[in-house]
Every structure is written in structure tokens, then in C-alpha cells.
Amino acid sequence: MAPARVPAKRILGEATNRRNIPSSPASAKKRKLEPTSSPAPRFKSSQNGPKGKVGSIQPSHFESEVLEKMTQDMAGLKKNNSEKDQEWARPGLGDFDAQKDNLCFQQIECEEGTFEDGKACIKLFGVTETGHSVMLHVTGFLHYLYIAAPISFTPHDCEGFKAYLETSIAMHQPVIHSVGLVMRENLYGFSGNQQNPYIKITVTDPKHINKVRSSLETGNLNWKGMWKSADGILTFDSIQYVLRFMIDCHIAGMSWVEAPAKDYRMVPQNQRHSNCQIEASISYRDLIAHKPEGEWAKMAPLRILSFDIECAGRKGIFPEAIHDPVIQIANIVTRYGEKKPFVRNVFCLDTTSTIVNTQIFEYEREEKMLMEWRDFLEKVDPDIIIGYNISNFDFPYLLDRAKHLKVAGFDKWTRLHNVRSVSKDTNFSSKQMGNRDSKTTTTNGRLQLDLLQLVQRDHQLRSYTLNSVCAQFLGEQKEDVHHTMITELFNGTPESRRRLAVYCLKDAYLPQRLMDKLSCLENYTEMARVTGVPFNYLLSRGQQVKFVSQLFRKALEQKLVVPNMRTDASDEQYEGATVIEPARGYYDVPIATLDFASLYPSIIQAHNLCYTTLLNKAAVEKLNLVKDEDYIVTPTGDMFCTTKQRKGLLAHILEELLTARKQAKRELAVETDPFKKAVLNGRQLALKISANSVYGLTGATVGKLPCLQIASSTTSYGRQMIEKTKAEVEAKYTIANGYTHNAQVIYGDTDSVMVKFGVKDLAAAMKLGEEAAQYVSSKFIKPIKLEFEKVYFPYLLINKKRYAGLYWTNPDKYDKMDTKGIETVRRDNCRLVQNVIETVLRMILIDQDVQGAQDYVKDTISDLLQNKIDMSKLVITKALAKADYTAKQAHVELAERMKKRDAGSAPTLGDRVAYVIIKGSAGAKNFERSEDPIFVLENNIPIDTKYYLDNQLAKPLGRIFEPILGETKANSLLAGDHTRSISVAAPSIGGLMKFAKKTFTCMGCKKPLVGKAEAEGAVCSDCAPRIGELYQRTLGKVSDLEVRFSRLWTQCQRCQGSMHCEVICSSKDCPIFYMRMKAKKDVEDAGKELSRFDRDAAAW
Amino acid sequence: MLEARLEQADLLKKIVDAIKDLVQDCNFDCNDSGVALQAMDNSHVALVSMMLKAESFSPYRCDRNVALGLNLTSLTKVLRAAGNEDILTLKAEDAPDVLNLVFESSESDRLSEYDLKLMDIDQEHLGIPDTEYAATISMPSTEFRRICVDLMALSESVAIEASKDGVKFSCAGDIGNGAVTLRPHSNVEKPELNVEIELTEPVSLTFSLKYLVNFCKAAGLSKSVKLCLSNEVPLLVEYQLAGSSYLRFYLAPKIGDEE
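If you read the protein sequences in the order shown, they are chains A and B. Just so we're aligned, residue 1 is where the first sequence starts under the UniProt record's numbering, counting upward by one. Just so we're aligned, residue 1 is where the second sequence starts under the UniProt record's numbering, counting upward by one.
Accuracy of the hints is not assured; some may be wrong.
[What the hints assert, rightly or not] No more than 30 Å apart at the CA atoms, straight line, and that leaves these computed lysine-lysine pairs for DSSO-like:
#	chain 1	residue 1	chain 2	residue 2
1	B	Lys53	A	Lys969
2	A	Lys665	A	Lys820
3	B	Lys53	B	Lys117
4	A	Lys998	B	Lys217
5	B	Lys226	A	Lys997
6	B	Lys117	A	Lys868
7	B	Lys210	A	Lys997
8	A	Lys200	A	Lys119
9	A	Lys617	A	Lys724
10	B	Lys210	A	Lys900
[Stated by the list, open to error] Far from chain A, by Cβ distances over 12 Å, these chain B residues were calculated:
#	residue
11	Glu55
12	Gly83
13	Lys91
14	Ile128
15	Ser155
16	Ala179
17	Arg183
18	Gln240
19	Pro253
[What the hints assert, rightly or not] Going by beta-carbon spacing under 10 Å, a handful of chain B positions derived as facing chain A:
#	residue
20	Gln24
21	Met40
22	Ser43
23	His44
24	Glu107
25	Leu111
26	Lys117
27	Met119
28	Ile121
29	His125
30	Ser170
31	Val213
32	Lys217
33	Pro234
34	Leu251
Keep in mind that the hints were calculated from the coordinates and are not lab data. Just so you know, even glycine gets a beta-carbon here, dropped at the ideal spot from N, CA and C.
Using the sequences provided together with the hints, build the complete structure.
Right under this line is the structure:
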């Protein structure tokens, strides 16, 4: 790979050669690398391959380590498995016999459909243990609803009512299948455990259910005037058909189902709806659902396709499907349970050099490539499709592109013959996630997991680029190629296209790695199993559906019916959790933390709070209940009956969830198989989350079943308990009671209290904590339990929800440093703040060196004011999310200005804008003073160090030091002697700069060189004898800078995984990127200094 | 050792007042010829150049070159304690940490002494090379101030056109236009009211009024002001002080639509 082949055009509107490689003067000399510390110790080298091979082509790490190894592993795989390397199709059916073999498979998706004569049925997609794809039509299941029967309604009225309904709804086909009278109980409110007659109306087709329901509810169907009220009849059990089916058949999402031989019928080839290997039908009565426990907790060998596409965009414009071609599609297919993918290929436009262990398919025409890829998709038949940002980019782009190119049949990605994939805009909003616009693409029968959405959902990060997410979770980087760069690589040679293909392949491989690492599949599968909803509901729907599914399942067991309450979003607020006013300060004695384990779930259980136990005054009188015996009054004045009368449904659910969690944790402890471990861990997490969400849903006023009585009673008990804990602890642990100190509760929040027992010894504090937890627990009703979890020592309590401390669970070694609400994760401040805060906390907490921390802060501030801080630490990044913000914002204004300067390299919508704040005229606003870091570097524009000090560092530092040092001393940190040394850089642009002349100063004594003879030279006449020494010094400086630059350059080469390619990464989130740019500039400047000696008279 | 005695504290007070909005921190370079200051404002559009010659002080002593890094806001605070008629003495060591300021009241025997902590300012030496200007205009400093303030009400920038007939300051703003034209004229009784124009070729340039108004704060230092212009070269605004000391401001012209 000769450098000559590297394309000459570059992004950011400049020739890269000039940008990336410093032009050092001829006099700059090579020097041996000294073993100085690496300039970037933050990142581990990913280059483990052989070093020092000169000349020969050295494959990148990704190629040599990852791809090459795959065949080796594959050899082992072949022995015990039928899968062959690069073999696309699923294994053949072999001797499968529908007459003899039970059809047992893990269902992954469940949807409504029709089968034979257009009758409604349920389609279950899944995979058998042997890896065959299955679609099962489950027939005969009819949807239904309940209404309360009026007093005068007798079983004989059923037929008449049915006929009445039929005529009133008046469709041209029969709508009502049957009307029956059954005994049920209302979920909402306690009514003495008395079952009442309910009318069950079953419809012939699920699509009629809403019509029937709304007709009933609007009050048009008051048959014979039996219902007293004229404004409609309350209906019960409003739930989707698919969920109804799964609940009634006891099928949980992602669980195994079995169709016994002879009970199911194979669908003949010509009548098939799908391209699954096995397609069969069965009546819902014959279907066996396996509870996902024990043996059935296993996973089928699901096929997972991870893919990524590259498009050739135009300069300055984000790729648009109607203009920009898709040039490469990389695919990685893995079977669940195997570590290595068995299919790796790249579909490429134009000639592309080969990549080890990877199939390259070259195409001349894009249409052909797209179509072949679709055929590949069908052949490989993935059960799950994953990728990074595939929902919002890759899927819709491919579809739009194919549509534009008029590639017929490209959109057949689903498992159903007659359903095409389409991409739709959706808006998802929930309290937890906020408002989010996204696109969804239908792939019936195949699940989708967009890792981007998943990570955004579950993790709070500084940046969500694939690069930084991988750095975070996998500890490895990938190069971040700006999309305009891709076109240039594509327009190059087969070699440069190969480079792109490797990049693309890596992008397809990383989501797979991420998914394994984060156990996403396991966690979500277990969540589906625990809550019983289909897998894809977890991503596309909110929290509520999970709870509703559980509630209905339990209600079915207890013959309860759930009212379809009309919810109107009210703003009614109830009081939330309590926070004990913090006693701010720095504690150098151990602080024990006592936590309530699953506080809200256990309150609900302990006090039997539930829909089914909710009482009102009338009911209490009617049923003749005795206070505190039959019912209790909560602190908010609501009434619930006790377990003596009835055990609440929520208590049941929670008990089950928590026992199941304990069980899972027990199994987890003994399990050794890593895959099973991941499943079990996912399970216990899912159970915990589900248990905790129960409370939240009773309080969601826009929800399906809000019950503020439960929610507010729960929080009120919580508040009471925190207060009581405080009182108990402070009453018991006193000097008067024989303890060495008076205990003090210094802070408490929602479900935890922090206690200062006063003892200095860690072990003693732990013992006291343990004891106190037990003592206080005994004062509460079971299963409420106060647990002693950890000790903070030392502990810095800054404010409510803001604290930091060293976290100890055993007296020998601390576990970690724990911080809450402190500026370490927020993205809208610069890295400097993060670094300083982290270091300061570490010094205060771990080293317990407050003086050292102060000195460190002073040094840093001093460095900052003298411009010695690396600029990468001052860069702030923000995503350019939308075009018009109402208020002017720094990053938006900068993007505008950059567009004027050079439209090609300016950030576009969706890009992250990086900026620094520069000095401006007095009174200039922040948004006027934001500037592109690269531009700042190139033009030497002075950075507004004062801004960074006052607006970024001052507040967080003040917060940390004020409790320790007091206000005045903390303030002196920001304005002491160390702030009196500053440096003012002179920029190379600006109104006056093109007129101003810089006077060189003597390198020896800093005297301005004004004389004609010496003006261009390096030293003044006084210092002329020292020229040798000074030259030596300058040369040394140049060499050091060159070494530094080379190190950074190789660091980037390592990160991109290839040691002989030019670095093309321009990641705005990467500190190395700016360091590299700065180093390059420094080398150039130092080179200029050095060349002054060439012109110096004294040297000759 | 630096020791510089000013007969009237007023001079330094006015200088600092005039420049403190342009420059926050800067070095006062002291050598045997006097005290010099040269600094750019933050946005690098204007440059302040001050020279207080040794003759302006009595006595003046400076053994070695000393750079006094001063925060002008802090200096203002200290100077506020000095009366206009006070005698002011600046004192500093050879490698100073502090600047010692002594104010002696000329009428009473009041003597106040202040120490101001110095800063270490690492600054590049920048200067505007001396050029032959195409137009040099002298006018009363109050007149210049009045023009700037009046036009400021209308617009952000002013066009200065110098021709053999006179000099025209004009501006155009959202609410209307305005122009002030001055012709050469000499007042025998009050020579400080003279308007003189020396011209080698006609000049037309545009400048930011915000900065010009800022410069005019120095009007109290000198009765007349000198404007030097050449096309596509920064404007020089010079206030002559007693002795051959001066306070100069340079301002970059506005080109095109540039802010």
C-alpha cells in the first residue's frame, strides 16, 4: 500500500497531507525514541500482532486477530455441529416426520393474521432446537370482553341479547359468536370476595371487538333498558387480541411451545404463507405452552444477522437515498450460543481486494448488488437482525434506495410471502424516555435489535457514536470516518475500497460484540418471559404493557375482570418520596448506609395495597369491617382491607416476582456455563425491574389503570418509614444507652438513610450498621427489611442528591469511589472539568489529601490561565439536533459560521459540533465566541480561559470545597496568587493582525530584536556566544515534539488497526484527535523557530 | 529599581480609564527611556500603544528593564484612592512582585501608600509598523468625541472620507442617516480649536463606532486629537501628552460585510 495511492482530496476542505503530516524543516533531526511515557495512556493498544515487520503488508488487528482466527475456531465447530463455514442456508429438515414428531419450538414473534377462508388466527414464528424455522398458525381462538350483568339478566336472556347486539351493530356478517353468563369479580375495589354475574361477549373476529366495545360504552346498546344509567356500559378486559391469546394460553414472550404430533397439520407447500421451513396449523386448545423454567429456560439456536451499509455521500450533505448510492453492505451471521460468526461477507460495488476469511461479492451495478443481498437475506433467514442505528438509517435507506432504483421485489424481507417491508415514521414518547421520533421497518417474523436505541435506553453516556460506545463497553476503539470521506475511498482503487470494506465489516461486527457483552438478547428475552409480552413490545412499547400483561395473567387465575377505565390525563400530583435535609460537610469518619430492600414493592406487600383491596366508606359500612382488624387506614387516609379479608393481587404478583428473583439469584450463584449465567442474570434483573415498576404504574395518571390511592399511600408509608428509621436510630445509639457516641442521621433519600455512628473504626461502624439494620427491621411489618449495605468513608455530602464517598463493603478494602450528581458524566461541559473533579475527588477521598487536592486545583487553574492545558480538554461537544433553535446557542451559531467559511466541512444536522470558547470583545455573548477547535488551533486564536474558570470550573469546585474549607477559603482557590500568571496568545487572524508585525525576541534573553542585522535571526548580539547552546535546546524541543506527534500518530494508527495507512479518523469526541492536531501545529511552529537559526548572522 | 514620580496623578488615572475597557491585563514595559504599554483588545481589532517618556516624570529612574504585569481593573481600584492633584510615585524592585504606589496630597500632608500585586503576563510583542499616511487630520478632541457619540446613536459604523475639501463622517442606520463634515479652519485666538487636514490622496474607510467611542474616553488627556488614515490600513488615533509622550490607538478598518 504505497502512500501514492492514497486519494488526494480530503475532508474538511483541506489537503490532508498538509493537515496531518507536519512539514518540519530539513534541519530537524531524527532521534532515537526515548522510553518516555506514552502521551495517551488512556487507551490500551489494540495492536497485539507481530511488531517490527518492515516493508511487508501488515494486516490490521481486526483482520489478523479477529478474522483469521475464525476459520480455526470453525474447524472445531464443524466436528460437533452441522453448521458449515460460509454456508448460508439452514440445515435441512432431515427425517422430520409430522406424524410422529412433536413440533416443539421457541416462539419469537406472535402476530395476528388470517388462515384458510380468512378466519382470524395467531401466527407464531419460532425456531426449533435443531435450528429449523417454524411458523405455526394457531386457529380457533376468539376474542371476547365482559360487561357486568344487570340484576334482571338471566341465563335465558343470553340468546336474546346476542340477537339484539347483532342487529344493533349491523355488519353484513355475523359479529357475535356467543354471549354467556359467567361469575367474575371486579378487580377494582374490594367487595367482600363476592363473585358477580358478568356477561361474556365473544366475537367472531378480533377486528370487531372495538366496534362492539365502543357501541356498548357509548350507551347505544341498553337492551330492554336493563342498565340503569343511560351513558354507556362499563366494559371489562380491554386488551389486544395477541396479548389475550398469549395470556389465555399461558404463553410468555420468547418461551417454548409444543404442538403434539397428530394434533397439528402441516401446511402443503402451495398454500404456505411463509418461507419458514416448517409451516403448520393447530387449534389453540391443543397447543402446549412450557413455562420458561428449568429445562425450558434454554434458548433456541437463533440466527443473528448483524449488518452495516455504506453510502457514497456528496460533500457536505448527509447521504440521501434518491442521490447517493449504497456501495457496500457487510454482513455477519452468528448462531446464538456460538462465539464466532459462521457467515462473513461484504457485498461491494466495484472491484475490491480480498479480505482474509471473508467473502467479497463484487458488483458493477447497484441494483444487482441490492437484489443479491436480498436473496442472501432470505437464504440465511435470520431470526434477529441487529446493527447500529439500523432502524433510523440502514433499513429505511435501503428501502428508499431500492425504490428509487426501481428494484422490484427488494422489499421482501419478511417471513411472509405477501407482506412487504415498509418503513414508517413513529413517535415514541414515555415519561422514562422522553419524546423520540424514529422509524420502524416491518420484518414480520424476524426480530430487530437496534443497538443504538438499546444503549440509549439503558445507559447514560457522553456520546452515543458506535466508536465511543465500543470504547466504553468493549474497551476498544474504531476509527471514526466522516461520511464525506467514504466517497473518496470508494472512488479510489480496489485497495482503498478494501479498506472501506474492512471498516464496514468492523461496523457490522461490533454490534454483535456489543450485544454479547451487554447480554442484551438474554436480558430482553428474560424480560419478555417474566412479563409475558412478545419480544418486540419491549423495544417498541413503554413500561405499561409489561405490567398490564402480568396483571391480566394474575387476574385470569383469580377470575377477576379488569375494568376498561376511561382515563383522562389529570395533573393531580401526590407527594413523592422524602429527603432528609442533608447535614452538609466532609466526614472523615465512616458513614453507614442503611437501605430498604425494594422499598415500594415491600410496602405494597406489607400493607396489602392493591386494586382488589381498595375500600371506600360505603364498602366499609356495607361489609361491616373493623378498623385495624379487617382494614387499615394509610397515612393519606385511604383504606385497604387486610390479608385477613383478601390478599391483594399486587402482593401476589410482587411475591412471585421477588421469590423468582431469589431463585434466579440462587441458580446464578451455582451456574458455571457463561451463556446460562447470562440468561439467569438477565432474568433476575428483569424481575427486579418489573417489581419496581409496579408502584410507578399505579401512579401514572395517563395509564391504563391508575390508582393514586395506592401510589400515594405507598410513598406516604415510605416517608413515614424514613422518618421512623431516623428516630429509632438516633434514639437507640446514644451515649446514654452505653454507646461511645450519639448517632446522627446526616442524610436520607427515598429508601436509604446515612448514619454517622461516630466511631472511627471501619469494622466497628459496619457492625453497628448491621445491628441497627436488624434492630430497625424488627420494628416494621414483614417483608419490609432494612439492610445494611455499605459504609462511606470518607464521605463528602454536598447537597441533596449530590454526594461522593469511598464505598466499603468489607473493612479491608474499598470497593470503588461512588459519586452522585457530580459533574463527571454530563456531556455539556468540557473534559477538563471532568478530569479535575475526578482527580480532586480521588485525592480527597482515596488519598485523603485535602491539601494536595487544593494544590492540584491551583496548579490546574494556573496552567489553564497560562494556556498550558491541552485544548482537547477544553472542547465542548453538542449535537446539532434541529435547524432552528429559538434561543441562540453556541454550537448552532458556530455551525452557521462554519457553513459560511466552508460549506463542505461544516457540521450538518445530526453531527456533533465541537467548540471552544474564545476571547471576544467586551460584552460579546457566548454564542458569538464559540469557535471550531481546528480553526482555533490553526490560527492560534486565544481561548477565553477566564470563561472556563468562571463558568465551567468555579461552580463544581466550589460545591466540593465549600463543605470542606468553608466559603472564603474555597473562593480563594479561584482567585489566589496562582491566578496571577497568565499568557495571552496572539492570533494569526483578526482585524488588526494582518497589519501588526510581530517582533521576534531573543531566544536567550527575551529582548525584542529590533536592529536590522538581528531582526530575522535567533539571538541578540549579547547572546551571540550562546548560540550553540540555544540551538541545541531548540533542536531538542523540535525532536521532542516530533516524537510526541509520531506517538500520537501511531496511537491513531493502532486504533484504526493498520500501521501503514494514513490516519483518516476525525472523531470529534476523541481527545487524541485534538492532541494530534495540536502536536502537528506545535511541530510546525517549533520548526519555524529552528529555521531562524539558519538566518542568524551569528551562526555564520 | 524603578522610581517614577508624576506631578499629577490625574494623568495616569485618565490613561488607565481610557484603556481599561479595551485591555484587561497588560505589561507596562519600563526602561530608561520611559514607560511603554502596547496591547491588543480581546477581539484583536484595536491596539493600544502608550508611551510615557522619562521627561514626563520628575524624577525618573529605571536601572533595569522591568515589565510590570498589571490587571487594569485592580489598578483602577487603587488609583481611585488618589486625588487628581496628588503627586504620584511608582516604585518597584528590579524583579518585582508588587508595584508600590504612593500618593502625596499637594495641599495637606496626607500620604497614602498602596502595594499592588503584579501578574506574570506572557505576551507576544506586536506592533504596527510606522507608515506614511495619506491623510492626517487634527481636530479638537471634544469635537471628535461629539461626532462619534452622535453617530453612534444611528449606526454601528462610520465612514470617514477625507478629501481636499474636508473630512466627512457619515453613517447609515435603520432609523436614518447622518453625516458631519469638517472643513479646515484656524482659530487664531484659540489654536486648540483648529481643524487641519494634510492630504496626499483622498481616503475613504469604514470603522466600528463602538471602538472609536471607546478611544474618545482619552479626550480629557489632550485638547486635540490626530487621526491618520490610509486606504486599507488601520486608523491611528493619537492623543499627544505633555513632553513627547503619547497615547495611540490603532483600529482595523471594516472591510466588506465583515462584522
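Results of checking the hints against the structure:
In summary, the hint linking B/Lys53 to A/Lys969 is not supported, as the alpha carbons are separated by about 43 Å, beyond the 30 Å threshold. For the suggested pair A/Lys665 and A/Lys820, the alpha carbons sit about 27 Å apart, so the restraint of at most 30 Å is met. Distance check on the hinted pair: B/Lys53 and B/Lys117 sit about 24 Å apart at the alpha-carbon level, within 30 Å; holds. For the given pair, A/Lys998 sits about 28 Å from B/Lys217 by alpha-carbon distance, which is consistent with the 30 Å threshold.
At roughly 23 Å between alpha-carbon atoms, B/Lys226 and A/Lys997 fall within 30 Å of each other, so this suggested pair holds. Note on B/Lys117 and A/Lys868: the hinted pairing holds, with a Cα-Cα distance of about 22 Å set against a maximum of 30 Å. Note on B/Lys210 and A/Lys997: the hinted pairing holds, with a Cα-Cα distance of about 24 Å set against a maximum of 30 Å. The suggested pairing of A/Lys200 with A/Lys119 holds, with an alpha-carbon distance near 21 Å, which does not exceed 30 Å.
Distance hint between A/Lys617 and A/Lys724 is fulfilled; the C-alpha atoms sit about 29 Å from each other, no more than 30 Å. Proposed proximity of B/Lys210 and A/Lys900 is supported: the alpha carbons are some 25 Å apart, at most 30 Å. Every C-beta of chain A lies more than 12 Å from that of B/Glu55, the closest at about 22 Å, which supports listing it as non-interface. The beta carbon of B/Gly83 is kept farther than 12 Å from every beta carbon of chain A, the shortest such distance being approximately 28 Å.
For B/Lys91, the non-interface assignment is confirmed: its Cβ lies about 19 Å from the closest Cβ of chain A, beyond the 12 Å cut-off. Against chain A, the non-interface label of B/Ile128 is violated: not every CB pair exceeds 12 Å, the least being about 6 Å. Remark: the non-interface label on B/Ser155 is consistent with the geometry, its nearest Cβ contact in chain A lying 17 Å away (cut-off 12 Å). Once the 12 Å rule is applied to beta carbons, B/Ala179 is consistent with being away from chain A; the minimum gap is 24 Å.
Distance to chain A confirms B/Arg183 as a non-interface residue, since its nearest Cβ pair spans about 30 Å, more than 12 Å. A cut-off of 12 Å between C-beta atoms confirms that B/Gln240 is not in contact with chain A; the least separation is 22 Å. Not every CB of chain A is more than 12 Å from the CB of B/Pro253 (nearest about 8 Å), against its label as outside the interface. A cut of 10 Å between beta carbons decides the hint on B/Gln24: the least distance to chain A is about 9 Å, and the hint holds.
For B/Met40, the shortest C-beta to C-beta distance to chain A is roughly 7 Å, which falls under 10 Å, so the interface hint holds. The closest approach between the C-beta of B/Ser43 and any C-beta of chain A is roughly 4 Å, which is under the 10 Å cut-off, so the hint is satisfied. This hint holds: B/His44 has a C-beta 3 Å from the nearest C-beta of chain A, less than the 10 Å allowed. Against a cut-off of 10 Å between C-beta atoms, the interface hint on B/Glu107 is violated, since the closest Cβ of chain A lies about 36 Å away.
The criterion of a C-beta within 10 Å of any C-beta in chain A is not met by B/Leu111, whose closest approach is roughly 27 Å, and the hint is violated. Taken as an interface hint, B/Lys117 checks out: its beta carbon lies about 6 Å from the nearest beta carbon of chain A, inside 10 Å. Annotation: interface hint on B/Met119 holds; nearest CB of chain A at approximately 4 Å, less than 10 Å. For B/Ile121, the interface hint holds, the least distance from its beta-carbon to any beta-carbon of chain A being 6 Å, beneath 10 Å.
Taking 10 Å as the C-beta cut-off, the interface hint given for B/His125 holds, the closest approach to chain A being about 4 Å. For the restraint placing B/Ser170 at the interface with chain A, the shortest Cβ-Cβ distance is roughly 21 Å, beyond the 10 Å limit, so the hint is violated. With its C-beta approaching chain A no nearer than about 12 Å, B/Val213 sits outside the 10 Å limit, and its interface hint is violated. Among the interface hints, the one on B/Lys217 is violated; its C-beta lies about 13 Å from the nearest C-beta in chain A, farther than the 10 Å criterion.
The interface hint given for B/Pro234 is met, as the beta carbon of that residue sits about 5 Å from the closest beta carbon of chain A, less than 10 Å. With a cut of 10 Å, the hint placing B/Leu251 at the interface with chain A holds, because the nearest CB-to-CB distance is about 8 Å.
Checked against the numbered hints listed earlier, the structure breaks hints 1, 14, 19, 24, 25, 30, 31, 32; every other hint is satisfied.
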